[in-house]
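Asks: Chain residues, written in single-letter form:
Number of protein chains: 2
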Amino acid sequence: MSLKVIFLGTAGSIPTPKRSLPAIAVVRKGELILFDCGEGVQRQMLKAGLGFNKKMKVFISHMHGDHVLGLPGLMQTMSLLHRSRKLELFGPSDLRDFVEITGEVLHSPPTFPLEITEVGDDGLVCEEKEYSVFSAPAEHLTPSFSYSLVEKQRYGKFHPDKAEALGIPEGVLWSRLQQGSTVKLQNGRVISPETVVGPLRLGRKIVYTGDTKHSVTLVELAKNADLLIHECTFDNEFEERANEDGHSTPKQAAITAAKANVKRLILTHISARYKTPELLLSQARKTFANVDVAEDFMEIQLPLPRVKQRVPEA
Amino acid sequence: MSLKVIFLGTAGSIPTPKRSLPAIAVVRKGELILFDCGEGVQRQMLKAGLGFNKKMKVFISHMHGDHVLGLPGLMQTMSLLHRSRKLELFGPSDLRDFVEITGEVLHSPPTFPLEITEVGDDGLVCEEKEYSVFSAPAEHLTPSFSYSLVEKQRYGKFHPDKAEALGIPEGVLWSRLQQGSTVKLQNGRVISPETVVGPLRLGRKIVYTGDTKHSVTLVELAKNADLLIHECTFDNEFEERANEDGHSTPKQAAITAAKANVKRLILTHISARYKTPELLLSQARKTFANVDVAEDFMEIQLPLPRVKQRVPEA
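Quick mapping for you: the protein sequence lines, in order, are chains A and B.
Just so we're aligned: the first sequence equals residues 74 to 387 in my numbering.
Just so we're aligned: the second sequence equals residues 74 to 387 in my numbering.
Take the hints with a grain of salt, since some may be wrong.
Note: identical chains are not told apart, hence a pair may lie in one copy or across any two.
Lysine-lysine pairs mimicking DSSO-like chemistry, simulated, CA-CA at most 27 Å apart [said to hold, decoys possible]: (1) K102 <-> K159; (2) K77 <-> K202; (3) K348 <-> K202; (4) K348 <-> K120; (5) K225 <-> K359; (6) K230 <-> K332; (7) K91 <-> K202; (8) K296 <-> K257; (9) K120 <-> K296; (10) K359 <-> K348; (11) K336 <-> K202; (12) K359 <-> K230; (13) K91 <-> K120; (14) K348 <-> K225; (15) K381 <-> K202; (16) K127 <-> K348; (17) K77 <-> K91; (18) K230 <-> K324; (19) K128 <-> K381; (20) K159 <-> K257; (21) K324 <-> K235; (22) K102 <-> K348; (23) K127 <-> K102; (24) K348 <-> K230; (25) K225 <-> K120; (26) K159 <-> K381.
Don't read these hints as lab results, they were simulated from the structure.
What you are looking at is a predicted structure, and each value in this text was computed from that prediction instead of being measured.
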């Protein structure tokens, strides 16, 4: 199943001609999941060919303008296009005020149901059938969160042709086999699940840091992620300033990636002072090899889920 | 003196890949005057090479999101860049609430003095030494204004070389001559002003409609303008819908331009349905020849002020 990340905005704090303000889209099975919603996001979505009527969730890392000022315009455009599908927003406690007050002052109540959930300090933020989103507190100047999107592990692929060849009747036995149980047929034959079911399909995991300084909590959240999208506002020379301002350097992001044993690291939230990615990249690569610097409209297609042998039946 | 208009955003209501949301910059003698401030304006300003620390005024036509949602981000960026110069905002009564409330929720008080002026239904909005800005009520779905920027007429150019050659002592006599008075020297010689002073320099006039349907008031405001920037959301086929929604067609904009005897007409606030300008242009040209459709980053340098002979001394 396709799981794609599209970087809609990769600037830090102030946009540049090449970088729009922070917004990262995850497209999964026709659903659009946005992490942060910086000014200009609706136009970036248009340019990326993303529609405004998908099933959609928005996770806001913190209430600084560069991370949230694209939301009222996005919602107004959805209303102008007569969206009727629910929009789900998740973020710090001030998110509700921001959305409601801007809607009031601009006289633009949404045409669609709006569900706003206040994110707590850590734990489960939202649970869908096939994935969950978790938060962890980030260390920034204002209440801030990092998020992980974790696909659930799925049963192995069931092979009906094999099951039929073995004379297993369709129905409850098929389900029990797919769920990993050994079953006994009426003729007494015992069928173990691996005979007709492929290995368990592991979920994939994407972590987005939002704005944060180096933190232990983040290593926990990012553990074994397939993709860690880490803010990187300053280069290593500015480590002290990064710590003061609640931001990170390439070295710090790479250390987190290594400690968390992630597969791939992407640096984003790039200060306007860095016209090219080389400096940040070279500093990060000293600690973690599989790293890139995000660009606007960069797309990352995550590899298909890995598989593992089923846990033996209890 | 240079007077330049830069179209920063020319879309109507919803942006497109080619058109950002409404914002028009007028650059005059190092001062930046913005008419409307749609989402994305700060990035458009960067792309147009405009700085964030100029003397600056912003005139908001009305409080619909597409015309004002660029303001909080612009102000945040100014603060991040440590602007200390005053910023002057002019607009409908809700503008103050919008600016103050978004600033509070996003914890981003400006680093610079902010002066917000509520615009009344018509008349003088602001007066500077060399120009004034006037408003007139526009006919839209919410309280809305059109604006005219009118340069004041200036005395003719004084030629000190000629004055010295005629033995006119520098000082009060020079001033009186430039102001159009005839003077008498101590030797009894009478000097008429045209001997040492060029013709009066007329001011230029730019009018921006904001969102509006066809209106008589607008013809008055636009009288003899050098440049009329007129919204044109729909083509002539949609005249009825334009009237209902408080918008205009090419024909209506052209009629206003002709009746007001303006020199040049630019159509802006173009709906996403028009991928090319031809239809709108051809419809407008039937009534008014000197018309163009705006594009993002289009620049118009207004011709130097015209001159006229001084009014004879009273």
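Asks: Which of the listed hints are broken here?
Replies: The structure conflicts with hints 3, 5, 6, 7, 8, 9, 12, 14, 18, 19, 20, 21, 22, 24, 25, 26, although it agrees with all the remaining ones.
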